[in-house]
Amino acid sequence: MSEFVLETKNLGISFGGLKAVNDVNLQIKQGEIYGLIGPNGAGKTTVFNILTGVYQPTEGTFYLNGRELRKLPQEKINHAGIARTFQNIRLFNNMTVRRNVMVGLHNRPEFKCTMLESMLRLPRHFKCEREMKKKAVEILEIFGLADERNTLACNLPYGKQRKLEIARALATEPKLLLLDEPAAGMNPHETEDLRQTVKLLREKYDITILLIEHDLKFVSGICDRITVLNFGTVIASGNTKDALSDPEVVRAYIGK
Amino acid sequence: MELLITFVNGLSLGGIYAMIALGYTMVYGIAKMLNFAHGDVIMVGGYMILLFLPINPIVAIIAAIIFCTVVGIVIEKVAYKPLRGASPLAVLITAIGVSYLLQSVAQIAFGSASRFVVIANLGTLKIGSLAIGYSTIITLICSMIVMIGLNLFVKFSKTGRAMIAVSEDKGAAQLMGINVNNIIMITFAIGSALAALASLFFLLKAPSITPTFGALPGIKAFTAAVIGGIGSIPGAMVGGLLLGVIECFAQSVPAIAPYTDAIEFSILIIILLVKPTGLLGKKRREKV
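One line per chain: the protein sequences are A and B, in this order. So the first sequence is numbered by my numbering: it starts at 1 and just counts up by one. So the second sequence is numbered by my numbering: it starts at 1001 and just counts up by one.
Don't read these hints as lab results, they were simulated from the structure. Watch out, some of these pointers could steer you wrong.
[Unchecked claim] Chain A stretches covered by chain B per the calculated footprint, using a threshold of three residues with CB under 8 Å from any CB of chain B:
(1) 13–27
(2) 107–119
(3) 124–134
(4) 182–188
All values derive from a computational prediction rather than experimental measurement. Every residue gets a Cβ at the ideal spot worked out from N, C-alpha and C, and that includes glycine.
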């Protein structure tokens, strides 16, 4: 077992001649809330896409609890324990809130029920469905969404859609949760609410969190450590406060 | 009363179309491709029934279902899976190629002459002066059971939920840990099994088979799927039933009977002009 939940080694990806991400080394410890920040186009979401298997890194590799995950297909990476949310919400819009979470529960070993059992509607099918529904509601309760379980996802207000995405990701039982701009477009009240939820996830579920965020106030209020990217390379890394006051970071954000 | 009989016949035929249309619509919803070889899987099922009929009709039916399921999976794995991410046109052409391949193989194996496949002589039910074939009734009941069952399966089971998730957002579903390749394979398997059932019911109606046996039903069922709104499961059912009823009514009027096919395809054109997404097809709703 490695001492880090997520460790990336010289991670990089090039699209043609463009090095979108170059030489990124992250070492995230168990239970940390880790921020990945940087100006627009710095390659933050690209890093997420590599970590979830959407892109194959052209250089370097990454490990989850010491297990190399490079080259695994997306669903296998999820099974290994990395789940994510999306910058632009990608819920299953025409499913109810509860069904969205149930999709996340799909691969949990405790809900075993084969296709044949479902087709023949054997008792195990009903038991499995019942338990999945119950579990889904339990997860929704954490996010205060249990009352809206039968609403279609697309009819939820924006802030709640973001929360539902986290709930759906949490349902896959991740060790590491990647949040891509979770506070984007939220009002101060919703942002505060989100902050509480993220902290709760760490405390109650012992989940390690890596998040991308532009709201620096949110980042400094929640992240233990951060890494700052600019043009695909790391320009600063360390404790949130120190890294944010790094002259190079200030320059990248504000300009000379 | 004549009208009632025609209507029941139409529902029965429509049930078969609906079963085939489900194969088209599910594959379209989940793999985002038109599987034009689907009609020929019906033909494969028919020949399997022909092959195993000497043993026992029940064995023949089960053999046809199993064999078609395997054929569906193999087609997907060999012909379509390598093209995932290729242009839709390439996949479409491949599907047409697979269709010709199946027809040609059948022609080599069984010859191009029409073969008789008498599964069972079920007789007719007589109520007063009215007569309706038992095969019609059985077809109607079976297709209804299959449709209701499939709807329940897709709506209220783990696999079904995963199928809907994949049809809504393949990428997001995959990142939630759903094995998209598996789901696509299951979709092809279900579609092909339904095609095998359809071949059984066609053979009960008219007991002869040729290598192009699946072509016209395939196109009609595809029409039904589009009328109902391709990608929508209830749409395929409604479209199939509608088309079957229209076909039977058109055939019952001697003056227009020769133009039955033309009428059916004209209805497709009219519906597409009025509602381009089909009857139940809404933009991104209940797609599978």
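May I ask which of the numbered hints given earlier this structure violates, with the numbers listed in increasing order? Hints 1 and 4 are the ones this structure does not satisfy, whereas the remaining hints hold.
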